[in-house]
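K.L.:
The chain contents come next:
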Amino acid sequence: MNVPAIQTEGLTRRFGDLIAVEDVNLEVASGQFFGFLGPNGAGKSTTIKMLTGLLAPTSGRMQILGIDFEGEPVEVKRQIGVVPEGMALFGRLTGAEYLNFVGRMYGLDRETAAKRAGELLEFMQLADQPRKLVTDYSHGMQKKLALAAAVIHGPKILFLDEPFEGVDAIAAGTLKAMLQRMIARGATIFLTSHVLEIVERLCSHVAIIHKGRLVAQGSLEELRAGVEAQAASGNGDQIAPGKKLTLEEIFLHTVGGVRSAEQELSWLG
Amino acid sequence: MAGVSVLHSRAQLQAIAQVRWEIFLHSLRTTRGTLELFSRIMITAIMTAGGLGGAFGLGAGAWYFVAQGEPELLAALLWPVFMFWQFFPVMATAFNETLDTSNLLRFPLNYQSYVLVRLVYGALDPAALLGGLWLTGISIGVGIANPRLFLWTVAVLAIFALFNLLLTQMVFAWVERWLAQRRTREIFAVLFFLFIISFQLIGPLMSRFRPHSSSSMMRVGGEVNIIQRMLPPGLAAHSIASMANSRWPASLLSLAFIGGYGAVILRVLSIRLGAQYRGENLSEVSKDSLAKTGEEQVRAGWDIRGVSAPIMAVFEKEFHYLSRSGPMLLTFVTPIIMLVVFGFGQGRPGGGLLQRMPDLGFPIGSAYTLLLLTNLVYNNFGADGGGIQFFFVSPARFRQIILGKNLMHVAVLVLEMAVVWIGVALLFRRPSFGMTVATIAGMLFATPLNLSIGNLMSLYSPKRIESGTFGRQRASQLTVLISFGVQIVVVALGATGFTLARYYGDLWIATGLFVSLAAVSIAIYTMILGRVDALAQRRREVLEAELCKA
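So the protein sequences, as listed, match chains A and B.
Its first residue numbered 25, the first sequence is counted upward by one per residue in our numbering.
Its first residue numbered 36, the second sequence is counted upward by one per residue in our numbering.
Hints may contain errors.
Here are the simulated lysine-lysine pairs, DSS-like style, with alpha carbons at most 27 Å apart [what the hints assert, rightly or not]:
| # | chain 1 | residue 1 | chain 2 | residue 2 |
| --- | --- | --- | --- | --- |
| 1 | A | K139 | A | K180 |
| 2 | A | K180 | B | K584 |
| 3 | A | K139 | B | K584 |
| 4 | A | K200 | A | K156 |
Here are some chain A residues the structure puts well away from chain B; computed CB gaps all over 12 Å [stated by the list, open to error]:
| # | residue |
| --- | --- |
| 5 | V27 |
| 6 | T76 |
| 7 | K139 |
| 8 | F183 |
Since the hints were derived computationally from the structure, they do not count as laboratory data.
Please read all numbers here as calculations on a predicted model, not as lab measurements.
Every residue, glycine too, gets a C-beta built ideally from N, C-alpha and C.
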């Protein structure tokens, strides 16, 4: 029996009176390219932070590759790579120094860390300014470096929080090529993104979170079929016959986000 | 239109003040914020006590000089105020809290408002507040001795205060600029060491050319007096003295000269502020190193046999951070500056403090080194910023991370102590074997204690700092207060040890006491280190919220 790459049971997180994430039961199979979607403030980042050890859940269980996160956090962290929202960079190191540092923190020996750091810098096209500090990198360069750092130890699962935000088309192409290569080699990728076209093109499975609760989960086809069935039963917006729904349409139908600009800002140009 | 512009600037300044007030109110919502406020009040009370005491003493001195008909001697009071105002900010960066005004540049703030905000915030730093208080004391002292002089003294000292304010800002702005780039930093380091070496020549030169008669002494004193009267503290005293003797033109001329100095400094300062206002981004890297250099092999990390990879990685990372932090490097050379300052009396009868008791040079220098390290030790993660997230997602334990950081602190301390030892040997006298051992034993006690409390404070009260900029480092007030308390305990125990040793004429008594205390502090350190993992997990949200904020 295949152990799920990621599995949560009743995952909940409260901030005082606010319930940011409530009773989330996720299951991501090994080898999936999984997109985690939701409107702003829906609980995406809170969920990914809990799954990567950046935030403690208020209640619920998390298992990564069958290992209980709470019981064996260090073992779980060895298996995963993370690009968090803030990218977790050390600004006053050079790119090579940073990757070397990260590699050694994951327990790579110094020669392997240096070799992989060099290869990753080359692959990410960051090798031509070796003395530049990370703080002086452009946003796109920092994203590429953060991704390089997340994979230097060869993780089995990669968590990416908005990996394409602020990244130009060329850099995005490099990132996508790398992620697809990882999937081809059997890794699992869990990403959040607002760019639904990218998620649609890359991800085989998707979950949608809305107001802290998981409202949809499955393959794109399953989600599409679900929305169409809902429309057919008269519970949702009507869909033109024969039309194949895009992920954006599935998303908007699921979270009920279609909204007209009724109130104009009269003072705005 | 000019009216609109003035109104606009005023509205912006009001908005800045309001935002600061709201930030203050919001900070009180948390326990930590309330503790910060309590610490701030305590520190302010201590500072105020020192300030009022100083103001009273200086006021009494001013009263005496004026009442005795010697107002020119006010220079003897104004020089120490000037020296304190200029040196204290460099010597005690932990106590400075200044706004990083670069954040304001995104708003449509005009240049005049930007300069004004910088100066207003500069006027709120402790050195400026204490300096202002002391000058007020001097004004009151003069006013009591000669009420006719009061208003003029207030005017002269207000301009003198403004001059000091501008000079501090200018020094900070330019030092930050020079230290920001590797090449200028190297030039600065060479100049600094030449300066230090030149001081070593003062003693022999003074001995060689020491005036042998009282008339020669008077002649040298007269020459020094002429020079000091050309500088702002002397000019201020001269202006007040001239007014006391009803010599209006001389009084006004001296005041005009202070104003002239201020104008020149404002001009030099405005070059830097102009560059900042235009959006200058100080970078570590010189332009030529940004040019393409082709593929460069990645060097393997450091390795010490027996030290685990994560600890070594953190140690190496800390080294890179420190070596790229100009302000921190400057902090590390200040013990040598202090030795030079204490050695000023060299070659003169009576001499300076360390000239009279050279044996204390090594323990005092070492203790001061440890004091300077508190900036780092009590805010371990401050410079890591968003990098703290990596520590939480990596499989390394916080124990290893903190150990790596502490190893670097200890390495810096050992290096600094060696430099201080050599400095004391060159400037005064080679520290005796017994004193060297006693000092090392004392540091074996003081260092683990500071590291223990520092590690706790780093987790309980983190504060994001920008290690590349000078005077924009904001230590938590709670941390400042606690580190202050720890230093008092350490100094009191150190002083007790040395007093007992002196009383019984045996330095080994102090060594024995310090070794016993070291055993306790090492045990405390080990115990706390064993608990930092659980503590860091409990504090992770606070750490991330504070350190990851933009």
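K.L.:
Take the hints in turn and mark each one as holding or not.
P.N.:
Going down the list of hints, with the structure as the test:
In summary, the hint linking K139/A to K180/A is supported, as the alpha carbons are separated by about 20 Å, within the 27 Å threshold. Proposed proximity of K180/A and K584/B is contradicted: the alpha carbons are some 30 Å apart, above 27 Å. Using a Cα cut-off of 27 Å, the hinted pair K139/A and K584/B is violated, with the two alpha carbons roughly 33 Å apart. Under the criterion of a C-alpha separation no larger than 27 Å, the hint pairing K200/A with K156/A is consistent with the structure, at around 25 Å.
In this structure V27/A is separated from chain B by more than 12 Å, as the shortest Cβ-Cβ distance comes to about 20 Å. Consistency note on T76/A: stated as away from chain B, yet its beta-carbon is not over 12 Å from all of that chain's, at 5 Å minimum. At the 12 Å boundary, the C-beta of K139/A falls inside the reach of chain B, the nearest C-beta of that chain being 8 Å off. Against chain B, the non-interface label of F183/A is violated: not every CB pair exceeds 12 Å, the least being about 8 Å.
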